[in-house]
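Using the numbering used here, read the sequence shown as starting at 1 and increasing by one per residue.
Hints should not be assumed to be uniformly reliable.
[Stated by the list, open to error] Restricting the straight-line Cα-Cα distance to at most 20 Å, the calculated cross-link-like pairs of lysine to aspartate or glutamate (EDC-like) are:
no.	residue 1	residue 2
1	K540	E575
2	K157	E147
3	K186	E126
4	K157	D193
5	K294	D193
6	K294	E595
7	K468	D508
[Claimed, not checked] Beta-carbon label-pair distances, calculated as ranges:
no.	residue 1	residue 2	range
8	A544	K440	52 to 58 Å
9	K90	L140	18 to 24 Å
10	M260	Q577	51 to 57 Å
11	E93	G278	43 to 49 Å
12	C596	S653	20 to 26 Å
13	R139	T111	28 to 34 Å
14	Q471	K645	30 to 36 Å
15	G278	V301	29 to 35 Å
Think of the hints as simulated: they come from the structure by calculation, not from any bench. Backbone N, C-alpha and C define an ideal beta-carbon position, used for all residues, glycine too.
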Amino acid sequence: MTLDKRPTELLEISPEDDTHYADISTTNTIPAPALDPFLGILIDGRYLLLERLGEGGMGCVYRANHVLMDKHVAIKLIHSELAHMEEVAKRFEREARSSSRLTSPHCISVTDFGRMPRGELYLVMELLEGEELSKRLQRLGRLPVAEALRLTAQILKGLAHAHQQGVIHRDLKPENIFLITHGDEKDFVKILDFGIAKLASESGGDNLTRSGMVFGTPRYLSPEQALGDTVDHRADLYAVGVILYEMLTGTAPYEADTAMEIMSMHLSAPLPSLSRHGKFPVGLQQVVHRAMRKQVDERYVDAAAFLHDIEHIDLAAMPESSHLLKRVRTAVVAVHHNVRHHPKTRRLQTRLHRLTNTARHAGQRHGRRLWQWIMSTRRNQIITGSALLLSLLLCVMVGRCAATDDATNGDVPEVFSATAPLPVTPAPTASSKVDDANEKAKEIRAILSKAEGELNAGQIDEAIATIKQVQPIDPKSAPAKFLLGHAHFANADHSVAMFNYEEALKIDPSLAEDATLRANLQAALERSEGRDKAALLYAKYGGAKALESLATLCNSALTHGGIRRAARQALIATEQQARIDWIATLTADFHENKECKHRKQVIAEMRKTGLEGFIPLLQEYAPKALGGKRTARRNPHACIGKDVKEALEALRSGAPDSEGAPE
C-alpha cells in the first residue's frame, strides 16, 4: 500500500478542529520504523500529507495532495517546539509574506500559510520535481560556459522581479537554485527559500534584519553581510557572481577551514581569477569581477544591468596564449629591473622598445633583427648581453601570441606590457636630491599600483614578485611591506604575512587603520600558523576595541585553547594584564586538557598568581580528597597530586610564587 492510496476509513476526524490524523496503528502494511507521525494528516481540511521529501534542523518538507482540487503541492512543516519560538515564527512568516509577492516563473510560488492546532507552522508551495544546482555541481564538477550563463540569466530574471517587489533574498546559494523541466524547456530555474529574505519596506529595527547580525551562507556572503551591515539588493548580485564563478570553475572562489576565515576572504582577499581554471570567453572575467566587487557601489546597479552583460557575452570570442603572455610580462619586468639603472639604459631601452613593439606584430623575423643588433654591439654585451638575449626570446614568444590575450579577456590588467615604453630613472646628481626622491616615490607608487591590480586579479605570485621590485629602490618602504603582507596572507602564508605586517607597522603605525589588516588579523587567530604574532599585532595596533576583543577571548571558557592563550600572551606583552581574569582563563586551561603535563603547567601558573580564588578548584584534586595513597593507582589525577598540594600550601599562605604572575 502506498501512502497516497491510503484508505479513507483509516482516518479519524478530530472533533476540535479540521485536522485529520491517520490511525496508522491499525495497519501493519508499513514497518513501524518507517512511519512518520505526520503522514496521513489532513491539514485545515484540505492538505493530505503523503510523503516526506526532505528533512532539516527546523522541520520537514512533504508531498501533499490538495484534496478539494486534487492537486499535489509541497508543504514545509516547522516542528511545534521551534514554531513557538518568536524568532523562528517571524522568519517563517517572513518567507510566506515575501514569497507571496512573487509571481515570476523563476521564483517558487507560495499559496498558503498557517498554524496547526498542535502548534506546527506550515507553508504551502508549488511542488517541484528536478535537481538542486548544488547536486548537479557535485555530480559534474563544473558546467559548460553556455549552460552556466543560461542558468545565471534565469536567476537574474527571477531576482529582478523579486527586487522590483522589494524582496531581497540574502541567502542565494546552489542549494536554493532548483532546476526543473518547464514545458519543453529543460533546466528551468526556480529560486527557493526566501526564509531570511528582507522586505525593503520594513523598518531596520526588526530583530531579524537589524544591523550587526550576520545572515546567509559564508561561501556566498557579500562583504557587507559578513560585517553585519545593512544590505540591499546588490548583496544578492554578489552571491550570483559567486555562484557563476562556481558553475564555471567547479569550485567556490573562497575556500577555508572555518566560516570566519571565509568571511574574512570575502572582505579582503583578492578577487579570484577565472584564468587559472582554463580559457573563458572574452569579457566574462570582467562580468564576474564586477558582480563580486567588495565595494557595493562598484557592483552592478541592478539585476537587469548584470543580465544585459551576461546576454552579450560572445561565446566564440576565446582568448589565446593567455598563460604564455603572462609569463612573458613577468620576465620583461625582471629584465627592466636589472638594466634600468645603468648609464646606457635609456639608449638600450629605446631600441629594445622599438624592436619589441615590432616583434609583437611580425614575430620571428624581427626577433632575428634583435639578435643581429646584439651581436653587432659587442661593447654592450658585457652589460646587457644576458638580459637582451632573454628579451630576444620574449620577442619571439610575444610575436607568436595572438593579439587577443588576457588583457582583452580581463583576466589580467595591463600592469606591464611588452609594447609599453620602459620607464627610465635618471642618474641622481647632487643638485637633484629632492627631484630624485620624488621620482623614487612616484616609481614606488606605480609599482605598488601594478601589484594591487595583480592581487585584485588573483595573480598572487606575480603581485609578490612585483612588490619586491621596491626593495632596491627603498628597502624601508612601509606601503610595500604592508602590501606584501596582504599578498602573503592571500597566499595562506600567514607567518610570512605577519612578519611583513609587523615590519610595516613599525615604520608607519597609521597603517593599522586598514580594514583589510584588521580582518586578516582576526582570521589569523583561527589558524595555529602565525596566531601568536597576529594576536600581538592586534593588541599593539588595534586600539581599545582590539584589546576588549582579546580580553573576551582570553577570559572565555568557550574560546579555543590556542586562541585563548595567544590572546593572554598578547595582553601580557602589551602590559594589559589588568584586563585578564586569571581565575577564568587558567580554569578554562585546566579543564581543557586532562593530560598530566598540561595540568602541571597550568597549576604552576595558578600558583604564580597567588590568587586564593584557585583554592576551591585545586581542593577537588587534592590527594586527600581523592582517597589518599591507597587509591592513587586508580586515581587518574594522581600524577598532579604533589603539584596540587604545593600550590594549595602556597596560596593558603598568602605568599605568591617568587616568580610573580605568569608571563
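Structure-based check of each hint:
Restraint check: the Cα-Cα separation between K540 and E575 comes to about 10 Å, which is no more than 20 Å; the hinted pair holds. Of the supplied pair hints, the one linking K157 and E147 holds, its CA atoms being roughly 16 Å apart against a limit of 20 Å. Taking the CA atoms of K186 and E126, the gap is near 18 Å; set against the 20 Å cutoff, the hint holds. Proposed proximity of K157 and D193 is supported: the alpha carbons are some 17 Å apart, at most 20 Å.
As the CA atoms of K294 and D193 are separated by approximately 25 Å, the hinted pair breaks the 20 Å bound. Distance hint between K294 and E595 is unfulfilled; the C-alpha atoms sit about 46 Å from each other, more than 20 Å. A threshold of 20 Å between alpha carbons decides the hint, and for K468 with D508 the separation of about 19 Å falls inside it, so the pair holds. Taking 52 to 58 Å as the suggested C-beta distance range, the pair A544 and K440 does not conform, at roughly 37 Å.
A hinted range of 18 to 24 Å for the beta carbons of K90 and L140 is inconsistent with their spacing of about 38 Å. The given range of 51 to 57 Å is broken by M260 and Q577, whose C-beta atoms sit roughly 27 Å from each other. Taking the beta carbon of each, E93 and G278 are about 45 Å apart, inside 43 to 49 Å as hinted. Range check, C596 to S653: Cβ separation about 25 Å, and the 20 to 26 Å hint holds.
Checked against the given bound of 28 to 34 Å, the beta carbons of R139 and T111, roughly 31 Å apart, stay inside it. Roughly 58 Å separates the CB atoms of Q471 and K645, a value that falls outside the hinted 30 to 36 Å. For G278 and V301, the hinted distance range of 29 to 35 Å is satisfied, since their beta carbons lie about 30 Å from each other.
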